[in-house]
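Visitor: Here's the letter readout for the chains.
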Amino acid sequence: MAGELQPSGGKASKNRARIGERIAARLDRSAPGRWVLRTGRAIARWLRSVRWNSWAFVAPALLLIGFFLVYPTVTTVVRSFFGRGTSLFGPNVEYVGLTNWKYVFTNEIMLTSLRNNALWAVLFTACTVGFGLVLAVMLDRVKYEKIAKSIIFIPAAISMVGASIIWKFIYAYKPAHLDQIGLLNGIVVAFGGEPLGWLIQRPWVNNLCLIAVGVWIWTGFCMIIFSAAYKNIPKALLEAARIDGANEWRVFRNVILPLLGPTAGVVATTMVVQVLKVFDIVYVMTNGNYSTEVIANRMYKEMFNYNNYGRASAIAVVLLILIVPFMIVNIRRFVSQEGGR
Amino acid sequence: MKPRKAVARTPLHLAILFFVGVWFIPTLGLLITSFRDPSNVAGSGWWTVFPRLFSGGQFSLQNYVGVLRDQGLGIAFRNSLIISVPATAISTFIASFAAFGFAWMRFSGRRVLFMMVVGLMVIPLQMTFIPVLPIYSKLGLAGTFPGIWLAHTAYGLPLTTYLVHNFMSGIPKDLFDSAAIDGASPFKTFSRIVMPISVPALASVFIFQFLWIWNDLIVGLVYLGALPNVAPITVSIANLVTNRGQDWELLTAAAFVSMALPLVVFFSLQRYFVRGILAGSVKG
Chain A
1 MAGELQPSGG KASKNRARIG ERIAARLDRS APGRWVLRTG RAIARWLRSV
51 RWNSWAFVAP ALLLIGFFLV YPTVTTVVRS FFGRGTSLFG PNVEYVGLTN
101 WKYVFTNEIM LTSLRNNALW AVLFTACTVG FGLVLAVMLD RVKYEKIAKS
151 IIFIPAAISM VGASIIWKFI YAYKPAHLDQ IGLLNGIVVA FGGEPLGWLI
201 QRPWVNNLCL IAVGVWIWTG FCMIIFSAAY KNIPKALLEA ARIDGANEWR
251 VFRNVILPLL GPTAGVVATT MVVQVLKVFD IVYVMTNGNY STEVIANRMY
301 KEMFNYNNYG RASAIAVVLL ILIVPFMIVN IRRFVSQEGG R
Chain B
1 MKPRKAVART PLHLAILFFV GVWFIPTLGL LITSFRDPSN VAGSGWWTVF
51 PRLFSGGQFS LQNYVGVLRD QGLGIAFRNS LIISVPATAI STFIASFAAF
101 GFAWMRFSGR RVLFMMVVGL MVIPLQMTFI PVLPIYSKLG LAGTFPGIWL
151 AHTAYGLPLT TYLVHNFMSG IPKDLFDSAA IDGASPFKTF SRIVMPISVP
201 ALASVFIFQF LWIWNDLIVG LVYLGALPNV APITVSIANL VTNRGQDWEL
251 LTAAAFVSMA LPLVVFFSLQ RYFVRGILAG SVKG
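The listed protein sequences correspond, in order, to chains A and B.
Position 130 of the first sequence, counted from 1, bears residue number 130 in this note's numbering, the numbering being contiguous throughout.
Position 251 of the second sequence, counted from 1, bears residue number 251 in this note's numbering, the numbering being contiguous throughout.
Isolated chain A, as found in the complex (with noise of 0.2 angstroms):
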């Protein structure tokens, strides 16, 4: 149905033809020529047959991810592989090998991000998927769905750096002798206990209290999909499996989870991929300080604090390196479903 780009005939296009004759027969007399030649005629033979209406709509969404996605991603793998400085490449830049990559993997931030991308990619998946199964499940079995559904959603629809406040005046700190205006220490104050500041509690309070954050803003997302899911599963099946007597605990073990676990690792694919560039919340909550650091808010300050593009380049490769294994499984997904078309 597209249609194709007619050679337009006129005065000028006979001289082009003429010129073009001339070059070919010079270049016919060697054999490179002759490659050059065949080489230069399949092009405009794909030229010709290209479809140019086809190319019309697809190509300024690949002009633009070429320029903003895939040239970059190129040369930022390169760029990790020289020195110090803001400029691309140049005079001031020198090759500098692996020194930006030993960097990556021994310096002792870099090592406290890479540990603690790990906790938050273990724990954010976990809880995320788990709570958001569990609610999608227990709240299809009561009344008040629509309004609860509602409330854990809001903060998918808010900005992490909006969230980030939300929960750095939960977590707000004041001496003992004062009121606390942070509820979680006006809760432990409450029941006697000694406040505690913590987003400055080491190393695993604070990371614990991000990576909360961080599920408070995405288990709502979870749980719709789930819910969706949920829904999907045929009722007679659970009812089959209740009059054959098994327990509201075995239905769910047995029934429907089998029956969601395609659903979970779609959704804990995502979680995992949104968590490895976990950056928003950080930044916002303690800039990486007391041992909090994450990769993405290092490779930032790297590049914008230190000004080294070098091994800011080699930080977001590691990002990269982490998430490449999801793309793969992304495009498999994709292929398997084209498979039917």
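Source of the hints: derived by calculation from the structure; they are not laboratory data.
Honestly, I wouldn't trust all of these hints.
Derived EDC-like pairs (lysine to aspartate or glutamate); straight-line CA-CA distance at most 16 angstroms [stated by the list, open to error]:
1. B/K5 with A/E248
2. A/K174 with B/D247
3. A/K235 with A/D140
Fit chain B to the supplied structure of chain A, relying on the hints for placement.
Guide: Just chain B, lined up with the frame of chain A:
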């Protein structure tokens, strides 16, 4: 039998109550604090307002006047609108062209290119800043609205193209055949037939992308920086945290200003938002 069943269900209700509480109370605390007097905010917890809730004199709009005027969040709010509306429109527009091309046009490399787009959905944006920023500086695009429109458009394209493609590839083929018989060109088919019936899908994508851009921090930080005349609201608030980190009356009001628009969009168009999420994740 019946009362016993109700008793058995109590743990269920309690568990749900716990989750709803944890998900609702933090935002409530923010909202209440943002209306309290600065001296009260620093001196007592926001929950102490409840015993004297109706005695008056506890609440004012002073903090909002403070952040919108004195801290420049009014301008930041405007900047965020100038950034997100055109960027969302451009990216939805380009994505629908591309999605149509990928779904219904036949050309060599179509599958491979679309697979590349799908794969690029998960690329960490951190990979892309270092090579693009020097070019932006050279072209004078750093710190300008057109610069960030282009960047947001490009970063959003893989997901938006994929979402619109999911919808458009489901359009019945007969529709195109009859259009072709009537002699409609691909462009005419696209603008007269495909676009009109895609409106609900495009609305989902638009809302999804709008919220993403409105809530973005890192792209704004990198391409616009902290210049007050262009910085979006997220960047301004992050700066406020750095400079006025203990002034909770300001921070809470600022956070609520940034959340106001997403919340309105969320509550009025929740259906489309949910549809966008489901299209991207269940099928994806």
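Visitor: Take the hints in turn and mark each one as holding or not.
Guide: Here's how the hints hold up against the structure:
1. Note on B/K5 and A/E248: the hinted pairing holds, with a Cα-Cα distance of about 13 angstroms set against a maximum of 16 angstroms.
2. Restraint check for A/K174 and B/D247: the C-alpha separation of about 13 angstroms stays at or below 16 angstroms, so the hint holds.
3. Proximity of A/K235 to A/D140 is assessed by CA-CA distance (about 11 angstroms); at most 16 angstroms being required, the pair is judged to hold.
Consistency with the previously given hints is maintained throughout, with no hint failing.
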